[in-house]
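Letter 202 of the sequence shown, counting from 1, is numbered 202 in my numbering, and no numbers are missing.
Calculated directly from the structure, the hints in this document are not laboratory data. Any given hint could be a false lead.
[Unchecked claim] Calculated pairs, SDA-like style, for lysine to any residue (alpha carbon to alpha carbon, straight line, at most 20 Å):
#  : residue 1 : residue 2
1  : K61       : I42
2  : K244      : L197
3  : K398      : I224
4  : K12       : G226
5  : K12       : Q24
6  : K301      : V329
7  : K301      : M394
8  : K398      : V7
9  : K12       : Q23
10 : K301      : D17
11 : K398      : I333
Here the structure is a predicted model, which is why all the values come from computation and not from measurement.
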Amino acid sequence: MDGGRYVRLSRKIMAADFVQRLQQTFRLLNQQILVASVISVINFVVLDSHGFLKEIFGINKWLPFYSAIHAATNSLAMIICTILVISVAYSMGSKENVENSLAGYISGIMTIIFLFPGDVMTGKINQNILLNGYNAINLRNLLIAAIVGYLVGRMYEQFSQSLTWQLAWRVGVTLLILLVLFIMTRNDWTELLIGELYGLIDGMQNWSIIAIPILAMLNCVMLIFGVDSLLPMSGAEFSHAATKNLNYVLEGHSVYSVPAPINIHALFDTYATQGGIGMLLPLVIAVWIINRHRHDIRNLKWTTIPTLFNLNAPLLTNYPILFNLILLVPMMISSAVTSLIPGILILLGWLPSSVYPVSLSAPGLLQGYFSTNGNWLALCVGLFNLVISVLIYMPFIKISDQELQVSRHEI
1 MDGGRYVRLS
11 RKIMAADFVQ
21 RLQQTFRLLN
31 QQILVASVIS
41 VINFVVLDSH
51 GFLKEIFGIN
61 KWLPFYSAIH
71 AATNSLAMII
81 CTILVISVAY
91 SMGSKENVEN
101 SLAGYISGIM
111 TIIFLFPGDV
121 MTGKINQNIL
131 LNGYNAINLR
141 NLLIAAIVGY
151 LVGRMYEQFS
161 QSLTWQLAWR
171 VGVTLLILLV
181 LFIMTRNDWT
191 ELLIGELYGL
201 IDGMQNWSII
211 AIPILAMLNC
221 VMLIFGVDSL
231 LPMSGAEFSH
241 AATKNLNYVL
251 EGHSVYSVPA
261 PINIHALFDT
271 YATQGGIGML
281 LPLVIAVWII
291 NRHRHDIRNL
301 KWTTIPTLFN
311 LNAPLLTNYP
321 ILFNLILLVP
331 MMISSAVTSL
341 IPGILILLGW
351 LPSSVYPVSL
361 SAPGLLQGYF
371 STNGNWLALC
381 VGLFNLVISV
391 LIYMPFIKIS
401 DQELQVSRHE
411 I
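Produce the complete structure using the sequences and hints provided.
Given below as structure tokens:
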């Protein structure tokens with residue numbers, strides 16, 4: 001596909017009814033998103049047991065009533081983020097139309113059923129899912145709420161018409177899609193798939209230096225459409241290679257001689273997730289450089305700090321990244337390049353493999369430094385990856401901005 005056709009395809013997708021309504025919903029809920037962002041940063045970076053600033057400054061040791069404050073922020077974050085998810089479903093279902101407000105309420109109720117963190121029939125709550133999925137802005141939950149709201153709203157519109165066989169067919173297909181979506185969100189098949197994938201990559205040994213950048217690019221494709229990632233951040237828990245390397249070093253051996261130096265944790269987790277999956281921190285920097293004199297990016301400043309600490313959902317809901325095929329290209333290139341560079345240096349024996357676990361909220365630039373126990377070359381590689389990714393993003397951001405301006409005039 002040539003560049004012109006690809007740009008037109010991206011424009012067509014961005015102009016789709018679902019995408020336009022989703023962007024409008026995010027704009028309407030912008031203040032709520034920003035409040036949830038602030039609470040999420042405080043929760044995960046400052047107060048969480050594995051929070052980056054909490055570990056650096058030992059906040060739990062000198063902050064009075066630390067446990068009570070942490071519990072309060074956890075509860076507050078879950079309330080705000082749950083309301084945000086329901087608000088997205090309501091807005092997508094009602095279309096801001098008073099006559100369709102019932103569809104909005106139904107959308108909110110169905111979203112609660114879809115995302116209930118446990119068994120709907122028994123009422124048993126999975127506390128891990130509750131804490132991981134509802135105490136921060138969760139893009140997956142927002143997209144599920146948007147899809148549920150959109151489908152319920154469309155079905156409500158269809159029911160308001162006279163009943164025909166064609167209408168019955170559309171309603172049936174909509175209900176089938178909702179059923180499939182419900183099944184996909186209730187089971188743990190994704191964790192099983194990810195575990196098997198990590199095992200396969202670990203078994204490829206040095207050949208994984210090719211497979212990991214490819215999977216990093218596929219991750220970006222999934223992210224742009226709001227789908228769960230194949231390579232989740234901090235996926236060391238899935239990697240037998242990462243565990244084997246850590247045990248090897250703890251036994252007193254050198255980080256330069258670990259048994260499996262090329263693995264997902266050492267390349268993708270450590271070097272290709274600055275600002276979360278897709279290397280989005282360089283995107284933020286590139287946008288600031290290109291559009292620093294424009295006033296319509298003022299909300300971007302509120303997403304910079306969360307993105308610095310790898311919380312990228314606020315950025316994805318404030319800047320037109322989702323479904324934007326133009327930005328998918330630099331996202332894929334930067335993710336592949338930043339995985340490949342450390343892999344080559346590790347194979348050459350110049351860079352030690354990343355062995356030590358690091359807080360998920362640690363800035364991506366410092367991940368390599370901490371995970372190699374203070375290797376300065378690892379810090380330089382992180383800085384180089386940041387700079388090269390900014391340069392990769394810049395021309396595509398200019399094209400994307402031009403296309404967005406064209407789309408706004410057409411609409």
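Those earlier numbered hints the structure runs against, lowest number first | 6 and 10
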